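A.B. asks: Single-letter residue listing:
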Amino acid sequence: MRHKESRLALLCLMPAACLLLAVFVYPIYNTILDAFSPVNALTGRQSGFTFANWHKIFGDADFLHGALPRTIGWTFGVVALTILLSLPAALLLQEEFHGRKIARTLFLLPWAVPLPISALFWKFIFDGQLGTLNGVLAKLGIEGPVWLAQAETALPVLIFVGVWASIPFTTVTLLAGLQGIGGDVLEAASLDGADGWKRFRHMIFPLLRPVINVAIVLNTIYVFNSFPLIWVMTQGGPANGTDTLITYLYKNAFKFSQPGAAQAMGVVSFGVLMVFSALYLRLADKEIA
Amino acid sequence: MAKLLRRGALLLFLLVMIAPFSVMILTALKPDAEIATNPLLPTHFQFDNLIQPWHDKLPLYFKNSLLIALGTTLLNLCLSLPAAYALARLPAPGKKWWRIGLIATQMFSPVVVVVSLYRLAASTHLTDSLPGLILVNTAYSLAFAIWLLTAYIAAVPDDIEEAALVDGCSRLSAFFRVLLPVARPGIVTTIVFVFIGAWNEFVIALTFLSSPDKKPLTLGLNDYASAYAPQWNLLMAGALWAILPVVFLFTLIEKHLAAGLTAGAVK
Numbered sequence: 033m034r035h036k037e038s039r040l041a042l043l044c045l046m047p048a049a050c051l052l053l054a055v056f057v058y059p060i061y062n063t064i065l066d067a068f069s070p071v072n073a074l075t076g077r078q079s080g081f082t083f084a085n086w087h088k089i090f091g092d093a094d095f096l097h098g099a100l101p102r103t104i105g106w107t108f109g110v111v112a113l114t115i116l117l118s119l120p121a122a123l124l125l126q127e128e129f130h131g132r133k134i135a136r137t138l139f140l141l142p143w144a145v146p147l148p149i150s151a152l153f154w155k156f157i158f159d160g161q162l163g164t165l166n167g168v169l170a171k172l173g174i175e176g177p178v179w180l181a182q183a184e185t186a187l188p189v190l191i192f193v194g195v196w197a198s199i200p201f202t203t204v205t206l207l208a209g210l211q212g213i214g215g216d217v218l219e220a221a222s223l224d225g226a227d228g229w230k231r232f233r234h235m236i237f238p239l240l241r242p243v244i245n246v247a248i249v250l251n252t253i254y255v256f257n258s259f260p261l262i263w264v265m266t267q268g269g270p271a272n273g274t275d276t277l278i279t280y281l282y283k284n285a286f287k288f289s290q291p292g293a294a295q296a297m298g299v300v301s302f303g304v305l306m307v308f309s310a311l312y313l314r315l316a317d318k319e320i321a
Numbered sequence: 512m513a514k515l516l517r518r519g520a521l522l523l524f525l526l527v528m529i530a531p532f533s534v535m536i537l538t539a540l541k542p543d544a545e546i547a548t549n550p551l552l553p554t555h556f557q558f559d560n561l562i563q564p565w566h567d568k569l570p571l572y573f574k575n576s577l578l579i580a581l582g583t584t585l586l587n588l589c590l591s592l593p594a595a596y597a598l599a600r601l602p603a604p605g606k607k608w609w610r611i612g613l614i615a616t617q618m619f620s621p622v623v624v625v626v627s628l629y630r631l632a633a634s635t636h637l638t639d640s641l642p643g644l645i646l647v648n649t650a651y652s653l654a655f656a657i658w659l660l661t662a663y664i665a666a667v668p669d670d671i672e673e674a675a676l677v678d679g680c681s682r683l684s685a686f687f688r689v690l691l692p693v694a695r696p697g698i699v700t701t702i703v704f705v706f707i708g709a710w711n712e713f714v715i716a717l718t719f720l721s722s723p724d725k726k727p728l729t730l731g732l733n734d735y736a737s738a739y740a741p742q743w744n745l746l747m748a749g750a751l752w753a754i755l756p757v758v759f760l761f762t763l764i765e766k767h768l769a770a771g772l773t774a775g776a777v778k
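First to last, the sequence lines map onto chains B and F.
Take any residue in the first sequence, note its place counting from 1, add 32, and you have its number in the numbering used here.
Take any residue in the second sequence, note its place counting from 1, add 511, and you have its number in the numbering used here.
Here are the simulated BS3-like cross-link-like pairs (lysine-lysine), alpha carbons at most 25 Å apart as the crow flies:
no.: 1; chain 1: B; residue 1: Lys133; chain 2: F; residue 2: Lys514
no.: 2; chain 1: B; residue 1: Lys36; chain 2: F; residue 2: Lys607
no.: 3; chain 1: F; residue 1: Lys725; chain 2: B; residue 2: Lys287
no.: 4; chain 1: F; residue 1: Lys606; chain 2: B; residue 2: Lys36
Derived from the structure by calculation, the hints contain no laboratory data.
None of the values given here were measured: they were computed from a predicted structure.
Throw the hints in and build the complete structure from the sequences for me.
C.D. replies: Written out as structure tokens, the structure reads:
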């Protein structure tokens, strides 16, 4: 009976495992192999072992001094601001008030809307000529900059939109965490006479800490991976000035015809993601399971 | 006073969060001439704009999005349901490795290996085809679906099925007639998650598809926006239709959002 059951289990798992092997594992294997081989844009991988792709990307100033440090800044900036803003948001939405249900739904809505389409809305808002923001500024007698046409303003705008896109997920996670703490603890804290900042600092924050950690790690992974937002709003431009590792990888692959360099960048991204996945696994094991 | 301040802060926050959607609706209803002159409210609402995109390419994009999302959801369910059942109910070998593997796979975005994916699709003649897109979308949402479904199935008490088995039900009919109905809320939640993810997908569609008549909404609307002098009011009207199905589905699963989101990556 037991033997028969494990055969059935294997049968049930097989189709999923096959698809994951073909479309998930096999491409990863190819990416790693490509990164250390000569790769032709038309015919693909050639035989031979080489570090040429690595010399290429680390000799490329737009990568080494541009996309690479910018990715760290972009990820850190978006994640830090997201957590900083989501904490008060979750605390405010946790309170009982009239219309809370609608407020929550509206607040979480950006999560459901396709990011490439939300990014279009923001692109229009920040448009230099027709944009809503510059239109309103013009009515006030201020001439707004062409936000997305220069890296100095485009990057902060992208970070702003990145934070906007990350807040719903983070707030939901923190709200769930607050629910786990339970009303009685929060109530007891207020009965103790501890209120406001003190209550948050000494009662809520330590209890919420594990959930905040999970939110930080997951956000880091998502923000690092993000593509549609930057692609729709600036395509990493002007002059590669808003590229992250991911968008620069994509450009190397499909715009600059440098598949070898793109695959090497894929391996770099891979390394970064492995570190954060391991971190998440440890957190998940400790806190969730 | 402090309470008033907190409500005020929340209201302000909320206004920023929904700002892009307000701009979308206001722009969608604007007469052509007012797009450049009235940044916020138009002098009158032109509801005709909402119908216009349906005479253009919107039905085509909508159909493609629907095919991709439905195909992905269906294929995903066919693969994830049995796998989740095995992990929750059967003595599957290497369960621990499945668990670690599933969490790890959720961390990877397909864009990291996009060159390899494109070449794989090209070698099997699946670029510029919806089935190719569906296969990749399924692979990248599969781990998450298995993860979520395993949790939901494991939460159903064993005895219900065992009673059915004792009553002479076969395993298969116990699965379909007893387990599935009980686990239905969890399955619906999973379906909605996968559907929304596939509806919102962008990078693989951007890479794989070249024929204009195969593009989904996310891609089609962006093509229209990058074209020379797009009509923003009609574009926004199209976008309004494009987000309507997922916004509706979202309200269905909002309650389960937290559990689902921390269980996996929905990008």
